[in-house]
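Chain by chain, the residues:
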Amino acid sequence: DGGITQSPKYLFRKEGQNVTLSCEQNLNHDAMYWYRQDPGQGLRLIYYSQIVNDFQKGDIAEGYSVSREKKESFPLTVTSAQKNPTAFYLCASSDPGLDNEQYFGPGTRLTVT
Amino acid sequence: GQQLNQSPQSMFIQEGEDVSMNCTSSSIFNTWLWYKQDPGEGPVLLIALYKAGELTSNGRLTAQFGITRKDSFLNISASIPSDVGIYFCAGQLRYGGSQGNLIFGKGTKLSVKP
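Chains A and B, in that order, give the protein sequences.
Heads up, the first sequence is in the working numbering, so the first residue is 1 and it goes up one at a time.
Heads up, the second sequence is in the working numbering, so the first residue is 1 and it goes up one at a time.
Errors might be hidden in some of the hints.
Lysine-lysine pairs mimicking BS3-like chemistry, simulated, CA-CA at most 27 angstroms apart [as the list claims (entries may be wrong)]:
| id | chain 1 | residue 1 | chain 2 | residue 2 |
| --- | --- | --- | --- | --- |
| 1 | B | Lys106 | A | Lys57 |
| 2 | B | Lys70 | A | Lys57 |
| 3 | A | Lys9 | B | Lys109 |
| 4 | A | Lys14 | A | Lys83 |
| 5 | A | Lys9 | A | Lys83 |
The hints are simulated quantities; they were obtained by calculation from the structure and are not laboratory data.
Same shape as in the complex, but just chain B (with noise of 0.2 angstroms):
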């Protein structure tokens, strides 16, 4: 099936950094979608994106849809512990006039830097 491809696939945080993970496909997407999971919990929508060079902030985060439609950025500004976790992006296609179903991408890990 289609994938995105999203990076990195972990990385490292200190408190008080910025991080920045993207997502790319080949296909356009119609939406963008950022989810974070905690452990053993399911995924929380964080920010959806839903024009092509729409820039949205929730909080410390923020997102861009892509101008071509095929890729996205998060942006966490001045991390915390609690940002910890695994980040999925998500693009939905849309096919004549009805909704196609959610691609996800494998997630990108964040930790604490040891």
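Isolated chain A (complex conformation) (with noise of 0.2 angstroms):
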């Protein structure tokens, strides 16, 4: 089955450690992107890669950091300098070169406290 997969479901950190957010997918996909859904809110964009070694910023950058070492896997940072890291946080990717429709993971609920 293609499809996009995060783990974990749910993660729990204190306050001022760095944490990491799994994102794969086998849909061959060249382009991986990060959201943040917070309550009551669109999906605000983080990251995003169109290929293999290659990432730009989002609408709110700031604190978080990723890598795009492989087209299947796209790993996110949540850093101690993110001044509000609880949300909700999801993973997606899509085929530039085709539609370009974007296809979500199952997200991962991250709780700082």
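With the hints as a guide, dock the two chains, each given alone in a separate frame, to form the complex.
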């Protein structure tokens, strides 16, 4: 089955610690994205990558970092510099050469106390 | 950043009723997408629209790409309990020859009438 997996589903961290969220896809998509969702809000773009070894900042990149060493993987690190890290994080992928429709993973809920 | 105005913010449905929601923007979009999100899950793509005036159906769902390219609506006919959830619209701009990123509305929350 092709799809996007995010792990873990729930993540708890103490304030001041960095934490890395996993995102893997086997859709053979070139582009991958990270979004943040807060209650009652739409999705806000954190980082995106159109191709391996390249990525760009989205609208709210401060306090986050990413890497794209493999086509299938796009991990997101939430650093201690992120002032309000508790949120629902969604990863997506798309094929820009085709229709560029974005497909989402199941999300990771991060709680920082 | 740019935003889409999605309305209504929330609505209650009774089984069998038709439901309508829409998104408007001050900017022109080249693509409109409609997603549904269940609690604690990722959004699922329902319908994609690529041409002004395009009307597309997916089962009981029908969506249209507005002629002005600044709006889109989604209709759900004969609603059923599993239709509850949050529906998001998303628009995509295109700059020159490259694709822009998706811009999301804040969602329309469908709940069952008490």
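Each hint, compared with the structure:
1. B:Lys106 with A:Lys57: Status holds; Cα separation ~21 angstroms.
2. B:Lys70 with A:Lys57: 26 angstroms, holds
3. A:Lys9 with B:Lys109: 23 angstroms, holds
4. A:Lys14 with A:Lys83: Holds. Lys14 (chain A) to Lys83 (chain A) sits at ~13 angstroms (cutoff 27 angstroms).
5. A:Lys9 with A:Lys83: 22 angstroms, holds
Checked against the numbered hints listed earlier, the structure breaks none of them; every hint is satisfied.
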